[in-house]
Amino acid sequence: MNWSALTPEAFRRELTGILESMARPPRATDKAGRLARAKYWSAALYDREAAGPAWPRAYGGMDLPFALQVAYHEVLGQSHIPQPPGSGVGLAGPTIYKHGTPEQRERYLRPMLRGDEIWAQGFSEPEAGSDLASLRTTARREGDRYIVNGQKVWNSYADQADMFFALVRTGQAGSKGITYLLIEAASPGVTVRPLRDMTGHEVFCEIFFDDVVVPVSNRVGEENGGWSIARTTLGHERAAGALQQAAFYQQLLKDVVALASTSGRDTGLTRLRLAQFWADAHVMRVMAMRTIADIAERGEPGATSSVSRLISTKFEQDLHEFALDLLGPDGLASAGAADSAQPGRWLYGFLRTRASTIGAGTAEIQRNIIAERILQMPRISG
Amino acid sequence: MNLNDLSLTDEQKLLASMVRSFFAAAAPLEKSLAAAERMGAYDRELWQEMCVELGIGGIALPEAAGGRGASELEESLVLQEMGRALVRSPYLSSIAITAPVLSRLGDEAFRHEVLPRVLDGSLVATCAAFGPQQLEYASEGAGIAVSGEQRLVLDATVCDAYLLFASGADGDGVVAAWVDADAAGIEVRSAPALDQLRPFATVRFHGTTARMLAGPEAGAGVRRVARSRAAYAVGAEQAGVAQHCLDMAAEYAKQRRQFGQAIAAFQVIQHKCADMLVEVESAWSAARFAASLLAVDPVFRNAETEWAAWAAGVVGGRAAVRVAEECIQIHGGIGYTWEHPAHRYLRRAKASQLLLGTPFDQLAALGEMVGLWPAAAGTAG
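Going down the list, the protein sequences come from chains H and L. So the first sequence is numbered by my numbering: it starts at 883 and just counts up by one. So the second sequence is numbered by my numbering: it starts at 9 and just counts up by one.
Bear in mind the hints are in silico, worked out from the structure with no lab data behind them. Not one of these hints is a red herring.
Where chain L lies over chain H, by a calculated footprint (3+ residues, C-beta under 8 angstroms): (1) 1149-1160; (2) 1185-1192; (3) 1251-1258.
Positions of the beta carbon are idealized from the N, C-alpha and C atoms, including for glycine.
Whenever a hint applies, use it, and build me the whole structure from the sequences.
In structure tokens, the structure reads:
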């Protein structure tokens, strides 16, 4: 299927047609069920050559031009199809593709994209969050093997993963002594423990490494050269999904507007808040468009891609809290009661979004980066 | 809309850069302040240069109407640069608001006579687009006469003509009317206000002869268009105000040393500047989006164009005020002095924000326009 030759309209039609022709499994109710459903869709898309919009064709992807990547995310976003399972496709995949050996690419990329193998990221540690370069998990070299000892934290999917991609210390302190390793989850010495977060759910894990043996052939890139390859991406993938994310926020706002009306708290004050949220959602949408236009035109996003995340994370926190405020005391019931489907959603979201400004880069580090890179201020950290 | 319109073309970048250099050289802030001190005057030489030589008079109007044949995509850049430089001129009232409204009003003869002079700057007009509509009209022979008091008329002390809105007796529709500034029965009362670089006055009309440009069924719509134009134009300008305040603050922070280092090395200062950048990008995004819709729908035929213009006003206003406030904060004591330009930007940001109405009314109107809740009876933009 030569996707890249299609016009955006033809592309959308073709892709939508494929999605509509696929059988839809029922919604999942538990973690195992969600994984099974995500794997189903991953495989279904892969088999129809409709997986991996930015992924190279040589390894099962579509390698779409940027404009079609945007269209892809739109169509998928509207289809309510789950994201590919695990953390591999967006992160490990690009690193292995760009910096891996031919053997590593052959062995890992296709099963990753199809969802046959689930990957979990092993970067953060209890003592190395924002200051990731200070990580302490060690990999001692012994001939053609590394012996790994240490602990990782905040690992999504680790309890369902087949493989980890991890940063470990092989050399001096700091970023110049870090190596990128691919570690089999079933290796002796690996212990995975689910981590209960403040919502009460267990979507994250900890991973403990006790003398875990990893062949040197599972190293990606050079020894002590892992830091610079760790955040490889393919083709502005996050920017490609920006419009769809903005559309998601506008829908979320619509749900809150409906809530204001049905909850009987439609007052002048709440209307002002809603109008302000609307203006913020509008700005997010326009910024996504500007990011996409900049990439299409110049190959690089401008400042909008850096600032968008600061806006969206604050937005989703404030909006969930506002929704909970609208419900007032009635919002305090967690999911479970017959009429609590709505309250449960906002209550859960209120708690869950506390992580929005922390995970995948804290808002504080984001601001440091903006000040340093865009405003050319002295480097502090991160 | 075309996504690409949101990015600047090379020509547009060149235009912005040219306009910026022009204002830096020809309209330094001291010059604008000196002019404004004289009863809200503006530098006429500068004005002619702007309208004719620099060519920004009527930049968005078609050539057939006497304009430059570009669009709001270019105009928004010009407005942004005016915000950056805080230029004292009647551009907002005469060129950005009145000219586009006027270009679609009245008979062809009138337009041919008046519009080119507005666009080349030889006739400065102001539109009563701000504040509640307060005037009344009555028949006078074959024409009409206007009476009452209209507040918030920009550049009233220096204009050559007014574009007004007046309601008939018994609330019988609203007309759009043209009044020469030297007509009989006009009393202009100005008072010092927050932003002396954007003077306005209360104008009293005592049975002043006026020329009706839009009849009682159409005038309310024209007023609505004028206000939406104002919202977009102010929003674009506010983006420039915000940008300059960020530039000033970042520059100062990198130079100012305390505790043995530049204060730009302190995290709180860096974070404030990052948050200011968020506001600046937000303001520009909203303004550019509105400009791109106006470029294809200059008469606000589509509901989207109207709310996009008001979103630009709302977002731009909030952004400019916050960034101007934070700019003063980052400057510390020196930012609080009269001599330092920072407060001029805050004055411009706040006054322009409030000219469009209270932020509460603006948000309420915006929410209604985008359908967040049902429209109340009797509300218009």
